[in-house]
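Q: Got chain A sorted already, so can you dock chain B onto it with the hints?
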Amino acid sequence: DAGVIQSPRHEVTEMGQEVTLRCKPISGHNSLFWYRQTMMRGLELLIYFNNNVPIDDSGMPEDRFSAKMPNASFSTLKIQPSEPRDSAVYFCASSLSGSRQPQHFGDGTRLSIL
Amino acid sequence: TQLLEQSPQFLSIQEGENLTVYCNSSSVFSSLQWYRQEPGEGPVLLVTVVTGGEVKKLKRLTFQFGDARKDSSLHITAAQPGDTGLYLCAGLVRAGGTSYGKLTFGQGTILTVHP
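Those protein sequence lines, which keep their order, are chains A and B. Under my numbering, the residues of the first sequence are numbered 38 to 151, in order. Under my numbering, the residues of the second sequence are numbered -13 to 101, in order.
Hints are computed from structural coordinates only; laboratory data are not their basis. Quick caveat: nothing in here was measured; it's all calculated off a predicted structure. C-beta: ideal position from N, C-alpha, C; glycine also. Among the hints, a few may not be true.
[Claimed, not checked] Within a straight-line C-alpha distance of at most 27 Å, the following computed DSSO-like cross-link-like pairs (lysine-lysine) qualify: (1) B:88 with B:56; (2) B:42 with B:56; (3) A:105 with B:45; (4) B:88 with B:43; (5) A:115 with B:42; (6) A:105 with A:61; (7) B:45 with B:56; (8) B:88 with A:61; (9) B:42 with B:88.
[Unchecked claim] Some chain B residues well away from chain A (every beta-carbon gap over 10 Å; in silico): (10) 5; (11) 12; (12) 13; (13) 16; (14) 26; (15) 40; (16) 42; (17) 47.
[Stated by the list, open to error] Simulated coverage check for chain A against chain B, where a stretch passes if three residues somewhere in it have a Cβ under 8 Å from a Cβ of chain B: (18) 75 to 84; (19) 97 to 109.
In isolation and in its complexed conformation, chain A is listed as follows:
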């Protein structure tokens, strides 16, 4: 079975540019999470969707960050304008509903803002 699919795997762009990260959750999963991982701060939850609705976006760092989930099989995380401090690995994870359901992570997008 296909796992969580993220694209692109790597993105290098100049500061000020718009960046869009994409995620396809596991079919049938109705919870979707976006995380950011850095050496300094570790793995941090940015936003959580349940049934395509944002439930907790308290981890979104600034207004420059936005996330959408137009349908059950697709989500985007957008950064506009991007800054060098946004450089990190961004992970998408999905799970069935329920707090104890295991989260399945994609392989991440490594983002470098020059």
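A: Chain B in isolation, oriented as in the chain A frame:
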């Protein structure tokens, strides 16, 4: 904000040695998860412990949840090079009145097992 402190941050050992990774917090968690992450990949769930004092074994890995559900440990017996990776603990706090649970991750322990 719930914080999870993992120790040690780095661990470099020889094949066959035993090791323990600790995960501590001042907060109570409804459950605690351990993940393993390899370079270029996302974290993969190893185990979830739910009950205070619970011990779970996964082959050579033993996971324990503290009685007060504030801390946990991962013990690996006779480590092998294939155990090399980043080990992450994550505590789950349920939002009151909902089925939503937010995971807070520790900083991770980078384990290197030399042949």
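Q: Determine for every hint whether it applies to the structure shown.
A: Verification of the supplied hints:
1. B:88 with B:56: Status holds; Cα separation ~15 Å.
2. B:42 with B:56: holds, 17 Å
3. A:105 with B:45: violated, 40 Å
4. B:88 with B:43: holds, 25 Å
5. A:115 with B:42: violated, 40 Å
6. A:105 with A:61: holds, 12 Å
7. B:45 with B:56: Answer holds: residue 45 of chain B to residue 56 of chain B is near 25 Å, not above 27 Å.
8. B:88 with A:61: holds, 21 Å
9. B:42 with B:88: Holds, because 22 Å separates the two Cα atoms, which is no more than 27 Å.
10. 5: Holds: least Cβ distance 20 Å, greater than 10 Å.
11. 12: holds, 17 Å
12. 13: Its Cβ never comes within 10 Å of chain A, the nearest being 16 Å, so this holds.
13. 16: Answer for residue 16 of chain B: violated, closest chain A Cβ roughly 7 Å.
14. 26: violated, 7 Å
15. 40: Consistent with the label, residue 40 of chain B stays out of reach of chain A, its closest Cβ about 13 Å off (over 10 Å).
16. 42: holds, 14 Å
17. 47: At about 16 Å from chain A, residue 47 of chain B clears the 10 Å cut-off, so the statement holds.
18. 75 to 84: holds (count 4)
19. 97 to 109: Violated: only 0 residues of the segment 97 to 109 of chain A have a Cβ under 8 Å from chain B.
In this structure, the earlier hints numbered 3, 5, 13, 14, 19 are contradicted, and the remaining ones agree with it.
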